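Participant: Protein chains in written order, with the numbering used here: chain C, -15 to 168; chain X, 17 to 570.
Derived by calculation from the structure, the hints in this document are not laboratory data.
Only a predicted model underlies this, so the values are computations on that prediction, with no experimental measurement involved.
Some clues are possibly wrong.
[Stated by the list, open to error] Label pairs and their computed distance ranges (CB to CB):
#1 153(C) <-> 37(X): 45 to 51 Å
#2 114(X) <-> 87(C): 36 to 42 Å
#3 118(C) <-> 177(X): 40 to 46 Å
#4 122(C) <-> 114(X): 37 to 43 Å
[As the list claims (entries may be wrong)] Computed cross-link-like contacts, DSSO-like style, restricted to lysine-lysine with a CA-CA straight-line distance of at most 27 Å:
#5 353(X) <-> 335(X)
#6 412(X) <-> 162(C)
#7 511(X) <-> 162(C)
#8 335(X) <-> 50(C)
#9 49(X) <-> 162(C)
#10 185(X) <-> 50(C)
#11 317(X) <-> 304(X)
#12 50(C) <-> 317(X)
#13 382(X) <-> 161(C)
#14 361(X) <-> 304(X)
#15 412(X) <-> 161(C)
#16 330(X) <-> 50(C)
#17 535(X) <-> 412(X)
#18 229(X) <-> 511(X)
#19 78(C) <-> 60(C)
#20 162(C) <-> 330(X)
#21 382(X) <-> 185(X)
#22 511(X) <-> 548(X)
#23 60(C) <-> 49(X)
#24 183(X) <-> 54(C)
Ideal placement from N, C-alpha and C gives every residue a C-beta, glycine not left out.
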Amino acid sequence: MEERTLYTVTVFSENHVGLLNQITIIFNRRRLNIETLSVSPSAIQGIHKFTITVFSDRDTIEKVVKQIDKRVDILKAYFNVDEELVHQEIALYKVSTDQLLKSGSVEELIRKHNIRILEMTETCVVFEKTGHYAENQQLFKELSETIGVLQFIRSGRVAITKSKVERLSDMLSAIEKKMHKNHE
Amino acid sequence: MQSLIAEGVDTVFGYPGGQIMPTFDALYDYMDKINHILVRHEQGAVHAAQGYARVSGKVGVALLTSGPGATNAITGIADAMLDSTPLVVIAGQVPAASLGTDAFQETDLVGVTQPLTKWSFQIRKAEDIPWAVSRAFFIAQTGRPGPVVLDITKDAQNAETEFNYEKCKFIRSYFPTPDTDPATVKEAAEIINSAKKPLALLGQGITLGRAEKEVQAFLEKAQIPAAWTLLGLSALASDHPLNMGMLGMHGNLAPNLKTNECDVLIAIGMRFDDRVTGDLNTYAKQAKIIHFDIDPSEVGKNVKPTVGVLGNVKLTIPKVARLVHEANHNSWIAEFKPLYEREYKSVIKKETEPTDGEIRMGEVVKLISDATGNDAVMVTDVGQNQMVSARYFKFKRPNSFVTSGGLGTMGFGLPAAIGAKVGAPDRTVCMFAGDGGFQMTIQELGTILQSQIGVKMIVMNNNYLGMVRQWQELFFEERYSFTTMINPDFTAIGKAYGIESRQVKKREDLADAIQDMLKDDKPYLLVVEVEKQGMVYPMTPAGTAVTNVLLGDE
Ligand SMILES: Cc1ncc(C[n+]2csc(CCOP(=O)(O)OP(=O)(O)O)c2C)c(N)n1
Ligand SMILES: [Mg+2]
């Protein structure tokens, strides 16, 4: 079996009910576990973008992406490895105010990890950190080992390819052209 | 209704119920335009629509109610998906306001059928009906065909709306036919021109693309021997000199062995199913492989080709054919002959021309094929009867074979044959089934009675779930766990439905009974008591190399 790599699958689709299900069942059939998933409107109105990360070998991910791409309501699906992407995740950490103050090194901590403080009450503080998975994980680890973490949540990955334009716009204009040609 | 008529639908197979009643009520007014055939079970409606679609090349339509009506249809939908059959299945659904409340006869049909369809959509507003119906027909029949489900809430069926029908010609997220890269065409032609021992594999893509003539011309020009997959049957005339027979687990010896000897393997509209390839690690490793297919996700899925040529084979094959040199591969083609003779001696002769012992399935099939001038439509059920029919029935014309290939659905035969006869009323339709599969949808005899559909039914009764028994004999030490069948008098059942029925036990009576069956265009049930513990050979055990062929005479 080939090495398993983390792949980021990007899917553009029409905004119809049930699309997420259509996509996830294709991963399920191949026994691929989705690591992270985020869904949002894309730069183009009426089109949704799914960003999915999954550990897989190259052969399998290629086949899975072809099968996703084949679904009628999917405009485009492709996959990338990390080197081809600018990607980011966001994480929130709730810690005890008491413990934080006791630790004594609040400024250092905040500077080192580029933390933003979103909320602070007598009992707890909420940090926000954006970064790569590993960076956010590192902070979680550090906090857990020192002052403890009361609650922790991270988002799925959002990603943009390093190439200049969002490929979808190229594709849409190509489709429009083709359609005009067919109608002439 | 108007939407269906706008799509040119004249035949619908269906079964009414609460949530589809408004549509059935509308149907009442359109009985002059739409021939609705009332089946006996929704699975039958879908299989009939499949049989209809496969012989006529049109989209099959099934109309059913929600809940149990819809779930009964699932087997047929899954079958159509695996065998790329264009269908539109229209089901009623509870009113939009009751969705998600576990209302009476509510099931999440769209959710359930998403992995089993090309497209599955719920219509909740009357004004969406024309849009969704036109889209459904477009999706079902373009590109690689497949089933589409429309789930229409009762209130959407009831509401009045302005009727504005525009036929769907384009969906921006859907590319039915991929662009063909000219470089792949050129590369394919070059590989074929350099071939000394080419072998072509013919799949259902040829039938679906109506590319029989183009493929034949291509094969003839370069003199390439060819073999068909189960669903590729009838894509080339059986007696064409380049036709080397069937591939796969129960296919012919020569093409299976030659798969691992050829230097170029040319797959045309087929998907390298495991029943064709056996063990992929030993499959055609010596050959350059060219894969012609309309579905990009099939190219490289099971077998990595040297070159994949995307597109409808009706267009891509002529493009390649133009660049291919006339050639002869006489000595290579001659190599198939001794293998055929070996198979004939070990298997075919005993199966089709036995002189003693019990009646063999093969002789029944051959006699019927001969008696119909090899020009009938053959529909089969699943099991030994299916494999023997596929091996020994002969074809002159395309679109003449209907079987459940990918799903292997027992019970498919009878309803599919009903649909086939409706789709090709001028042709003789012969349905072969085993005693097991026939009883899975035997209630459709009622459909034959009610709509007087002239299907010729041949039940090959071995009192066994024969194919499973064969595996038990070969791989489970003859432990016949629950494969014997105690059967009713099938002819009595046939007669109860007003169908002329006859049982044959002796070889001497067979020819006469077949003549009797074919004397007119009425339905007929012929029950042949065949060899109880017959075996289908050749056989390549599942998961082993294509060359590991058992002939049963060692
Ligand atoms: C719905 C369904 N259930 C079970 C099977 C498994 N199966 C495949 S062939 C077969 C035996 C078929 O027996 P019969 O219809 O008598 O045909 P024969 O093989 O004897 O010709 C069975 C049980 C199947 N293919 N489909
Ligand atoms: Mg049987």
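Participant: Each hint needs a verdict: does it hold in this structure or not?
Facilitator: Cross-check of the supplied hints:
1. 153(C) <-> 37(X): 45 to 51 Å: Check passed, 47 Å falls within 45 to 51 Å.
2. 114(X) <-> 87(C): 36 to 42 Å: violated (57 Å)
3. 118(C) <-> 177(X): 40 to 46 Å: violated (56 Å)
4. 122(C) <-> 114(X): 37 to 43 Å: violated (51 Å)
5. 353(X) <-> 335(X): This hinted pair is violated, its Cα atoms lying about 31 Å apart.
6. 412(X) <-> 162(C): Roughly 40 Å separates the two Cα atoms, so the pair is violated.
7. 511(X) <-> 162(C): violated (59 Å)
8. 335(X) <-> 50(C): holds (25 Å)
9. 49(X) <-> 162(C): Not satisfied, since the Cα-Cα distance of roughly 36 Å exceeds 27 Å.
10. 185(X) <-> 50(C): Distance ~23 Å between residue 185(X) and residue 50(C) Cα, so the pair holds.
11. 317(X) <-> 304(X): holds (16 Å)
12. 50(C) <-> 317(X): Given that 27 Å is the threshold and the Cα spacing comes to 10 Å, the pair holds.
13. 382(X) <-> 161(C): violated (55 Å)
14. 361(X) <-> 304(X): Distance ~32 Å between residue 361(X) and residue 304(X) Cα, so the pair is violated.
15. 412(X) <-> 161(C): violated (43 Å)
16. 330(X) <-> 50(C): holds (23 Å)
17. 535(X) <-> 412(X): Holds, because 21 Å separates the two Cα atoms, which is no more than 27 Å.
18. 229(X) <-> 511(X): Roughly 43 Å separates the two Cα atoms, so the pair is violated.
19. 78(C) <-> 60(C): It is violated: about 38 Å lies between the C-alpha atoms, which goes past 27 Å.
20. 162(C) <-> 330(X): Since the Cα atoms of residue 162(C) and residue 330(X) sit roughly 21 Å apart, the hinted pair holds (cutoff 27 Å).
21. 382(X) <-> 185(X): violated (45 Å)
22. 511(X) <-> 548(X): Judged against 27 Å, a Cα distance of about 25 Å means the pair holds.
23. 60(C) <-> 49(X): violated (41 Å)
24. 183(X) <-> 54(C): holds (22 Å)
When each numbered hint is compared with the structure, violations occur for hints 2, 3, 4, 5, 6, 7, 9, 13, 14, 15, 18, 19, 21, 23.
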